[in-house]
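Asker: Please model the entire structure based on the sequences and the hints provided.
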Amino acid sequence: METMLFYFFAFVAVATALLVITRRNPIHSALWLVLCFFSLAAVYVLLSAHFIAIIQIMVYVGAIMVLVLFVIMLLNLSEKELGDAKPTVLKFCGVILSGIFMVLLADGVKVLAPQAAVSVDEKFGTAEMLGRLLFTDYLLPFEIASLLLLTAMIGAVVLAKKRR
Amino acid sequence: MQFAIQWLVDKFSFLSPISILLLISLMFIVGTVVLLLAMLYEGLGTYALRKIGGDIQVRIGPNRVGPVGLLQFLADGVKLFLKEDIVPTVVDKKLFILAPFITFAASCAAFVALSYSDRLVISNLNIGLFYLLAISSLVVIGVIMAGWASNSKWSLLGGMRAAAQIVSYEIPIGLSLLSVILITQSLNMGEIIRSQSGGWGILNWHIFHNPFVFISFFIYFTAALAEVNQTPFDLPETESELVAGYFTEYSGMRFGFFFMAEWGEIFIVSAIAVTLFLGGWQLPIINNLDIHIYLKNLLQLGVFLGKTFLLIYLMLWIRWTLPRLRVDQIMYMCWKVLLPFAFFNIIGTGLWLLIFKGKGIPELVIQLFS
Amino acid sequence: MVPLSHFLILSAALFIAGTIGVLTRRNALIVFMSIELMLNGVALSFLAFSRFLGSLDGHVFVFMVITVAAAEAAVGLAIIIAIFRLKGTINIDEINLMKG
Amino acid sequence: MLNEYLPILILFIINIAFAVGIIIFSHFLGPRKSSAEKLSPYESGVPPVGDTRIRFSVKFYLIAMLFIVFDIEVVFMYPWAVIFKKLGLFGFVEMFVFIGILLIGYVYVWKKGALKWE
Numbered sequence: 001m002e003t004m005l006f007y008f009f010a011f012v013a014v015a016t017a018l019l020v021i022t023r024r025n026p027i028h029s030a031l032w033l034v035l036c037f038f039s040l041a042a043v044y045v046l047l048s049a050h051f052i053a054i055i056q057i058m059v060y061v062g063a064i065m066v067l068v069l070f071v072i073m074l075l076n077l078s079e080k081e082l083g084d085a086k087p088t089v090l091k092f093c094g095v096i097l098s099g100i101f102m103v104l105l106a107d108g109v110k111v112l113a114p115q116a117a118v119s120v121d122e123k124f125g126t127a128e129m130l131g132r133l134l135f136t137d138y139l140l141p142f143e144i145a146s147l148l149l150l151t152a153m154i155g156a157v158v159l160a161k162k163r164r
Numbered sequence: 165m166q167f168a169i170q171w172l173v174d175k176f177s178f179l180s181p182i183s184i185l186l187l188i189s190l191m192f193i194v195g196t197v198v199l200l201l202a203m204l205y206e207g208l209g210t211y212a213l214r215k216i217g218g219d220i221q222v223r224i225g226p227n228r229v230g231p232v233g234l235l236q237f238l239a240d241g242v243k244l245f246l247k248e249d250i251v252p253t254v255v256d257k258k259l260f261i262l263a264p265f266i267t268f269a270a271s272c273a274a275f276v277a278l279s280y281s282d283r284l285v286i287s288n289l290n291i292g293l294f295y296l297l298a299i300s301s302l303v304v305i306g307v308i309m310a311g312w313a314s315n316s317k318w319s320l321l322g323g324m325r326a327a328a329q330i331v332s333y334e335i336p337i338g339l340s341l342l343s344v345i346l347i348t349q350s351l352n353m354g355e356i357i358r359s360q361s362g363g364w365g366i367l368n369w370h371i372f373h374n375p376f377v378f379i380s381f382f383i384y385f386t387a388a389l390a391e392v393n394q395t396p397f398d399l400p401e402t403e404s405e406l407v408a409g410y411f412t413e414y415s416g417m418r419f420g421f422f423f424m425a426e427w428g429e430i431f432i433v434s435a436i437a438v439t440l441f442l443g444g445w446q447l448p449i450i451n452n453l454d455i456h457i458y459l460k461n462l463l464q465l466g467v468f469l470g471k472t473f474l475l476i477y478l479m480l481w482i483r484w485t486l487p488r489l490r491v492d493q494i495m496y497m498c499w500k501v502l503l504p505f506a507f508f509n510i511i512g513t514g515l516w517l518l519i520f521k522g523k524g525i526p527e528l529v530i531q532l533f534s
Numbered sequence: 535m536v537p538l539s540h541f542l543i544l545s546a547a548l549f550i551a552g553t554i555g556v557l558t559r560r561n562a563l564i565v566f567m568s569i570e571l572m573l574n575g576v577a578l579s580f581l582a583f584s585r586f587l588g589s590l591d592g593h594v595f596v597f598m599v600i601t602v603a604a605a606e607a608a609v610g611l612a613i614i615i616a617i618f619r620l621k622g623t624i625n626i627d628e629i630n631l632m633k634g
Numbered sequence: 635m636l637n638e639y640l641p642i643l644i645l646f647i648i649n650i651a652f653a654v655g656i657i658i659f660s661h662f663l664g665p666r667k668s669s670a671e672k673l674s675p676y677e678s679g680v681p682p683v684g685d686t687r688i689r690f691s692v693k694f695y696l697i698a699m700l701f702i703v704f705d706i707e708v709v710f711m712y713p714w715a716v717i718f719k720k721l722g723l724f725g726f727v728e729m730f731v732f733i734g735i736l737l738i739g740y741v742y743v744w745k746k747g748a749l750k751w752e
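For the protein sequence lines, the chains are L, P, F and Y, in the order given.
Number 7 in the numbering used here belongs to position 7 of the first sequence; there are no gaps in the numbering.
Counting from 1 along the second sequence, just add 164 to a position and that's the residue number in the numbering used here.
Counting from 1 along the third sequence, just add 534 to a position and that's the residue number in the numbering used here.
Counting from 1 along the fourth sequence, just add 634 to a position and that's the residue number in the numbering used here.
The hints are simulated quantities; they were obtained by calculation from the structure and are not laboratory data.
From the three backbone atoms N, C-alpha and C, an ideal C-beta is built for every residue, glycine too.
One thing to keep in mind: the hints can contain errors.
[Said to hold, decoys possible] Each computed EDC-like pair below joins lysine to aspartate or glutamate, with the alpha-carbon atoms no more than 16 angstroms apart:
#1 Y:K750 <-> P:D492
#2 L:K123 <-> Y:E638
#3 L:K123 <-> F:D591
#4 L:K91 <-> F:D627
[As the list claims (entries may be wrong)] Rough simulated footprint, nothing fancy, chain Y against chain P, three-plus residues with beta-carbon under 8 angstroms:
#5 212 to 220
#6 385 to 396
#7 515 to 526
Answerer: Here it is, written out as C-alpha cells:
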C-alpha cells in the first residue's frame, strides 16, 4: 500500500518538475510547481515527517508561490519578452549532460546497502520532537535564522521601494 | 470513525485481502457523506444569510419555496445547475476551469481535521490545527488563479486585492492561535478540547483562562472575518465597486462552487474559534450525564454545531450592520493594529504562564479563597 | 518498505530537473523556480536519510533549508523587479552588463 | 500513523470527481446559445477598452514579501509553543530575542513606509 503510494507521488513529482521547466508561460509553470510541491509533501508524509510536510505546504505553496505569482502578474510580460529558450544546440547538450549526470548519480546511489528503516516511534516527525531538538541542540542556528530573516526583510524593502 | 473501522476490520478479519478494500470503500462512503453534509450546510447557509438579513432590515426573507422558504437553497442550486456555463473566449481556458475546483477542494479538505465529538473524528491528525492553517493558504492560490484567468480588469484587480487581504490576515490568525497552544501544549484538535474540561464548567474554557487569551479571541475573530472576505472586510468582492471581484466572469455552477467554498470557509473559521476558545463539544451539563456512549457523542456533536452556528449567526449579524472598510483601512488594520497586538499578546501569555505556572484565573481565584 | 535508494533517486531526479531548467531557460522567473526545485531535491534526501537513520537532525536541516529558500525568494524577486525596471526585460541573455 | 492521512487523500479524490461530474452534468443540461456579446468579458455593458493586464504598483509585492518573512516567524514559533512548559524561562528568553530581532525589522519597514497603502 505505502510503496504503491510512494511510486505514484514520485512519478507525479518528477513529471510536474519536468513540466515546470518546459512550459513557455511562467504562470503555467508556477502552477505546475505548486502541484510538484504537493506531491513532495505527500512523499514527506510517507517518510513520517509530518511537521515538515505541513510546513512545506504552508511556506512553499502558501507564501513563496504566492509571491512568485504576484511578481509574474506585476511584471505582466507581453509575448515578446517571454523569450524563447536558448538556441536548440545549447539546450540539447544541456539536456544530454544532465542525463549523463543523472545516470552517474543513480549508479552511485545503487551502491548503498539497502538497510531496513530504523523502527521509529509514533511521535517521530511531530512538532514536539522537532521543537525539543531545535531549542536545545540547534539554538544558535535558530537565532541566526532570525538575523537572516531580518536582512531579507530590509534588503527586499530597500530594493523594491523606489528611491525618493 | 477510527473505532468503526477497527470494529469492521476485526469483524471481517478472516477475509483479510478484502478488509483493506472494505476499509478503502468505507472511507469513500464516509467521504461522500461528509461532502454531501458540507454541501447541505452550505446551501442552508445561503438561506440563513438572506433570512437573517431580512429580519435585520425588518423585511421577510425568502419564504416562497418550501415551508418557511427552507427549500430556497435547493431552488437556487437547481437554477445554477441549469444556467449556461459561459466561458468567455478571451479567457485562459485551462486556468479558468481549474480555479473553482481548487478553492472548493481546499475548503472541503479542512472538514477532515476538525474534531466533532469525543470519538467522532475523521482523521485524528497530531498537527490538526497547523493543517487547517496550511489549507487556508491553498485558497489564496485559487483566488489568484481565478483573478488572472478571467482576463478582465475588474477580476484581476479584485483577485489581487482579495489575495493580498487573505494573505496579510493569515499572520494575526497564526499568532492569535499560538497563545492558546501555549496553554494546551498540543496541536491535536481533540486534545485542545479535552484540555478545556474540568470542574468549573464554563470557566474552564480557554477564553476565561487569562486576559491575554481573551484579547487574542477578539484578534482572531476580526482576522477571521477578514480572511473569509466578510463585511466589513469584503471589499474585493463588493457588488458596487468591483462587480463581484474575482468571480465576475463565472456563471452557472462554477459560480456556485465559489459561493459554496466561501461558506465552507466560514464554517471552518468559526469551528476553529469554537474548538480553541469556547470549549468545542464540552458543555458542563453533558459531561456528567451518564447516558449511553453513542447518545453522549451525538449530544456533543449537537453542542459543537450549535456553538459554531451561533458564531456564524454573529458573523451574519455583523455582515448586515457594519459599513464596508476602504482598502487602505483594511491594510492599516492588519499591519499596524492587529499584528503588534498579536505579538505583545503572545509575550504576555508566555509571561502569565511563567509567573502563575500555567494556572488560569479560575484556579487562582479558588486558591485565594481556599 | 521502500528502500532508501529509491528516495535518493527521486531527489537526484528533482535536482537534475532543476539544473536542466537553470541551464536551458532564459526567463529569470523560470530559472528562479528551477532553483526552488533543486532546493527541494536536496531537502528530500535530508529527510530520507533522517528517516532511515532514525535521528531528527535531518528535519532541522530541512527547516533551515526552507527558511533560506524563503529569504532567497523575497530578495531574489526584489532583484528581478529592480532589473525589470531598469532594463525592461528579464531575459537573462540581455542582462550581461558585467561581461565587460 | 499513515491511516490518519488517507481520509485527506480520499476526500481530495472525491472532491475532484464530484466537481468534474457536476460541471459535465450541467454542461449537457444547460442551454448552449453562445453569442459574441455573451463571450466578451463583462464590463457592466460597456465594450471592453484597453489592455486588460494593467501593470501594478509594487505594494502588492511588498505585502507578499512581508507575509513570507512573518509566516516563517509563525512557523518557527509553533514548535516553541508546543514545548513551552518544558522549556520554561530559558525558552521564553530565546523566543523573546527572536521576536525582538524581527520587531526591529518590522519597525524599520513601518518607518520606511512600505506598509502605507496609499
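Asker: Count the residues of the stretch 212 to 220 of chain P whose Cβ falls closer than 8 angstroms to any Cβ of chain Y, and tell me whether that reaches three.
Answerer: violated (count 0)
Asker: Is the hinted pair K91 of chain L and D627 of chain F satisfied, with a Cα-Cα distance of at most 16 angstroms?
Answerer: Roughly 14 angstroms separates the two Cα atoms, so the pair holds.
Asker: Would the pair K123 of chain L and E638 of chain Y pass a check requiring their Cα atoms to be no farther apart than 16 angstroms?
Answerer: holds (13 angstroms)
Asker: In terms of beta carbon proximity below 8 angstroms, does the stretch 385 to 396 of chain P have 3 or more residues touching chain Y?
Answerer: violated (count 0)
Asker: Quickly compare the C-alpha distance for K750 of chain Y and D492 of chain P to 16 angstroms and report which way the hint goes.
Answerer: holds (8 angstroms)
Asker: Closer than 8 angstroms, Cβ to Cβ, for at least three residues: run that test on the stretch 515 to 526 of chain P against chain Y and report holds or violated.
Answerer: This one holds; 4 residues, not fewer than the three required, reach chain Y with a Cβ under 8 angstroms.
Asker: Just to be careful, I want the Cα atoms of K123 of chain L and D591 of chain F compared with a cutoff of 16 angstroms; is the pair within it?
Answerer: holds (15 angstroms)
In summary, the structure is inconsistent with hints 5, 6 from the numbered list given earlier, while agreeing with the others.
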